[in-house]
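S.K.: Each chain, letter by letter, is given below.
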Amino acid sequence: MLKYIVKRLLLLPPLVLAVSLVIFMFLRLSGAEPALAYLRAASIPLTDQSIALAERQLGLDKPIWDQYWHWLTHAAQLDFGTSYMTSRPVWDDILYFLPATLQLSAFALFITLALSLPMAVWAARYRDKWPDFSIRGLAFIGVSIPNFWLAFMLVLLFAVQLRWLPAMGYGGLSHMLLPGFAIAFMSLCINARLLRASMLEAQGQRYVRYARMRGISERRIERTHVLRNSLLPIITAVGMHIGELIGGALVVETIFAWPGIGRYVLNAISNNDYPVIQCFTLLLTMIFILCNLLIDIAYALLDPRIRLEANA
Amino acid sequence: MRLELNNLNVRTHAGEALVKNLSLTIESGSVLALVGASGSGKSLTCSALFDVLPRNLIYSCERTLNGENITGRALRGKHMACIMQNPSSAFNPVQTMAQHCHETLIAVGIKDQAVITQAMLDAGLDDWQTVLALYPFQMSGGMLQRMMLALALMSQAPILIADEPTTDLDLVVQRHILNRLKKVIEKRQLALMIITHDFAVVAQLADRVAIMHRGEIVENTRVTQLFEQPQHPISQQLLTAHLALYAEETHD
Amino acid sequence: MKLTISAYIGLTVFVMLLAVAVLAPWIAPYDPSAINLPNRLAPISIDHWLGTDHLGRDVFSRLVMASTISLGAAFVTLVLMLVIGVGLGGLAGYAGGRTEQVIMRTCDVFMTFPTVVLALFMVAILGTGLTNVIIAIAITHWAWYARITRSLVLSIRHSDYLKAAKLSGVPAWIRFRRHILPSVLVQLLVLASLDIGHVMLHVSGLSFLGLGVQSPTPEWGVMINDARQFIWSSPLLIIWPGLAILLSVLSFNLMGDALRDKLDPNLEHEG
Chain A
3 MLKYIVKRLL LLPPLVLAVS LVIFMFLRLS GAEPALAYLR AASIPLTDQS IALAERQLGL
63 DKPIWDQYWH WLTHAAQLDF GTSYMTSRPV WDDILYFLPA TLQLSAFALF ITLALSLPMA
123 VWAARYRDKW PDFSIRGLAF IGVSIPNFWL AFMLVLLFAV QLRWLPAMGY GGLSHMLLPG
183 FAIAFMSLCI NARLLRASML EAQGQRYVRY ARMRGISERR IERTHVLRNS LLPIITAVGM
243 HIGELIGGAL VVETIFAWPG IGRYVLNAIS NNDYPVIQCF TLLLTMIFIL CNLLIDIAYA
303 LLDPRIRLEA NA
Chain B
2 MRLELNNLNV RTHAGEALVK NLSLTIESGS VLALVGASGS GKSLTCSALF DVLPRNLIYS
62 CERTLNGENI TGRALRGKHM ACIMQNPSSA FNPVQTMAQH CHETLIAVGI KDQAVITQAM
122 LDAGLDDWQT VLALYPFQMS GGMLQRMMLA LALMSQAPIL IADEPTTDLD LVVQRHILNR
182 LKKVIEKRQL ALMIITHDFA VVAQLADRVA IMHRGEIVEN TRVTQLFEQP QHPISQQLLT
242 AHLALYAEET HD
Chain C
12 MKLTISAYIG LTVFVMLLAV AVLAPWIAPY DPSAINLPNR LAPISIDHWL GTDHLGRDVF
72 SRLVMASTIS LGAAFVTLVL MLVIGVGLGG LAGYAGGRTE QVIMRTCDVF MTFPTVVLAL
132 FMVAILGTGL TNVIIAIAIT HWAWYARITR SLVLSIRHSD YLKAAKLSGV PAWIRFRRHI
192 LPSVLVQLLV LASLDIGHVM LHVSGLSFLG LGVQSPTPEW GVMINDARQF IWSSPLLIIW
252 PGLAILLSVL SFNLMGDALR DKLDPNLEHE G
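Residue numbers (my numbering), protein chains in the order written: chain A, 3 to 314; chain B, 2 to 253; chain C, 12 to 282.
The hints are simulated quantities; they were obtained by calculation from the structure and are not laboratory data.
Okay, the calculated beta carbon distance ranges per label pair:
hint, chain 1, residue 1, chain 2, residue 2, range
1, A, Arg225, B, Arg74, 14 to 22 angstroms
2, A, Ser219, B, Ser90, 16 to 24 angstroms
3, C, Val26, A, Ser136, 25 to 33 angstroms
4, B, Asp171, A, Val8, 33 to 41 angstroms
5, A, Arg225, C, Ser17, 27 to 35 angstroms
If you want the ones that stay clear, here's a sample from chain B, every Cβ over 12 angstroms from chain A, calculated:
hint, residue
6, Arg3
7, Ser24
8, Val174
9, Lys183
10, Leu244
Where a beta carbon is used, it is the ideal one built from N, C-alpha and C, also for glycine.
Given these sequences and hints, build the entire structure.
M.R.: What follows is the structure, encoded as structure tokens:
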């Protein structure tokens with residue numbers, strides 16, 4: 003297992019470097035003009051002088067590789083420069099808003115896993131009967147529904163009509179339920195489908211038949227033979243879900259006035275606040291990479307064939 | 002201990018008959034061999050006995066244990082155990098042998114863990130303590146086959162069905178397993194039905210032999226009788242083919 | 012060709028949507044940009060089948076005209092994704108060696124970004140507007156197609172019937188076109204049809220955030236955004252465009268499933 007983990011860890015630095023390169027180079031090569039953006043945000047009139055001054059201050063007159071190195075080394079020390087909009091250090095701003103988004107994403111992940119599991123088990127247990135059909139039908143709609151629209155529909159039903167839950171704002175469980183569910187719904191449906199398929203495949207395996215022949219109860223078979231083996235491949239799928247859930251949180255937050263990083267970044271985009279955009283992209287991508295690494299490690303721990311280093 | 006299987010009929014949804022009106026008897030003190038070419042329906046018979054046929058097949062039969070009717074479900078584990086070919090895919094890849102033993106005992110309601118040790122020793126796994134901690138991928142085919150036998154023994158089932166247990170193994174391991182099987186049956190007074198296509202196995206283990214062809218039993222006699230005077234043309238064909246194979250080998 | 016009921020439904024809805032999108036200017040009874048403030052937020056009536064929005068514009072007309080933009084944008088994005096992805100992936104698979112390595116590593120890097128994050132980044136540096144949204148989303152998705160195309164090309168390159176063709180002396184270009192291309196195209200078609208719904212959701216999502224189409228151009232995502240503030244008073248304004256998106260994506264997915272079942276049953280799916 004150690005070999006497996008070390009191999010994954012070694013891939014990390016070049017990947018992170020490549021990601022940072024893409025972010026930096028795409029920005030510079032896209033024709034974006036940080037100097038102008040900075041001046042506009044600071045409401046400084048655009049004259050040849052002010053532009054030249056801004057370019058010098060932002061280090062834009064240096065060769066591009068120097069600029070990249072400068073940005074990268076500072077980023078490694080968590081210095082992402084100053085926001086054009088707020089004139090505060092970008093890192094401080096982002097760190098202020100990020101936890102709320104991560105909280106919502108984590109809650110959405112919890113909903114995804116907690117609901118998709120029983121749905122899939124139920125559907126697999128009653129294969130080709132009504133429970134299976136209804137869950138498959140629901141899942142089909144789930145992957146076709148836009149999450150931001152679902153959010154509004156949930157608000158309409160639960161906040162406007164029934165008045166059971168608040169329509170917006172930051173808070174505890176009651177404030178997280180509607181946005182969390184809107185974000186989670188699609189991933190939930192995808193995961194339920196995946197798990198169901200995985201379970202059906204496991205059900206057809208010889209070891210399930212052999213267990214039955216030894217007189218082991220169906221419930222026990224479902225739990226220790228089918229489920230344990232069908233959950234393993236799902237673990238790697240969770241990595242993909244996390245990416246979609248974070249993305250979903252960014253969009254849905256704005257609907258619920260959830261004080262996360264989504265609205266901050268949208269502001270930054272309209273103001274061409276490039277330091278913020280660079281930091282945001284790099285940071286969230288890093289978080290995503292880290293989550294995937296943790297999931298890979300979890301998988302290595304849970305599958306004895308990898309944990310004990312099986313030779314194929 | 003006497004198990005009777007009567008009037009087993011297996012067919013597909015489309016109506017094709019795979020096993021027709023098959024009846025056989027398994028009793029302690031006597032080893033029955035079920036022989037036939039591939040596709041004759043031998044493994045289907047085993048699956049039907051245990052009531053684990055695939056969903057797309059329809060079947061009906063009568064099972065009688067010591068004179069009383071019994072379902073396949075009730076036979077499983079407690080009264081009847083199985084060892085099969087290709088043991089490596091029969092074990093749960095994420096469970097240790099110990100966990101396999103544990104669930105088998107729970108299924109048959111035995112609390113005494115000592116039966117595990119005895120069963121593994123009888124099956125030829127002397128280093129049973131090491132083996133219990135192993136996962137299937139860490140074990141060879143021969144070890145897994147012995148483990149299957151151990152699992153069958155620890156459930157204390159008086160009837161053992163062996164479905165082509167030596168087919169994937171090399172000849173040396175084959176002989177060991179069969180010897181082991183013979184010893185264990187004598188020691189524990191088990192009833193055994195062995196399904197095979199190999200007459201050498203029949204000669205080594207069986208007292209009675211039933212020849213299957215296209216879903217039917219065409220001949221059912223004592224082994225000595227079959228080898229001396231096979232009655233049915235299919236039996237004759239199979240025996241001739243078998244002997245020819247051996248004849249060729251000895252000539253080279 | 013026998014199809015399941017759901018496939019028929021998907022196909023029917025898809026064809027209807029296509030018709031609406033193409034014939035939109037003739038179907039829409041009103042000019043979608045015609046502002047008529049005295050009649051704002053009007054309920055369903057004979058004059059206005061779905062009522063009017065906050066600026067008095069006819070909702071039905073806007074919905075219909077938006078179909079052209081929403082569906083069109085999704086298709087264009089898909090085509091762009093395919094062109095980039097299949098082009099690079101096919102090149103990687105066919106050329107091998109250093110080219111393949113470089114392209115595949117690039118794929119890996121692009122696949123490490125979370126989709127929405129990358130899309131937001133691309134819009135941030137390219138600017139807002141529908142074209143840039145299309146480019147942004149195409150850039151987030153091309154890597155998957157490149158990967159798949161490469162492995163398809165590789166597996167076909169090494170397949171037996173291709174070797175047979177090579178042995179019989181058929182030149183390389185014709186080998187590619189006759190043997191590799193059809194197989195690859197079929198499998199890509201299946202994947203694309205399963206993916207277009209997803210693409211559409213992303214496009215409308217970015218438009219909803221205000222990064223895509225700008226008012227007054229009608230687009231389903233934008234219409235939902237415009238209607239947000241009226242959720243308490245005129246909820247229907249939010250419901251219609253969302254329903255339109257849902258229906259479109261649903262029909263795409265139904266068709267994608269049907270295509271996959273027909274053309275490539277070996278593809279791993281959830282039964």
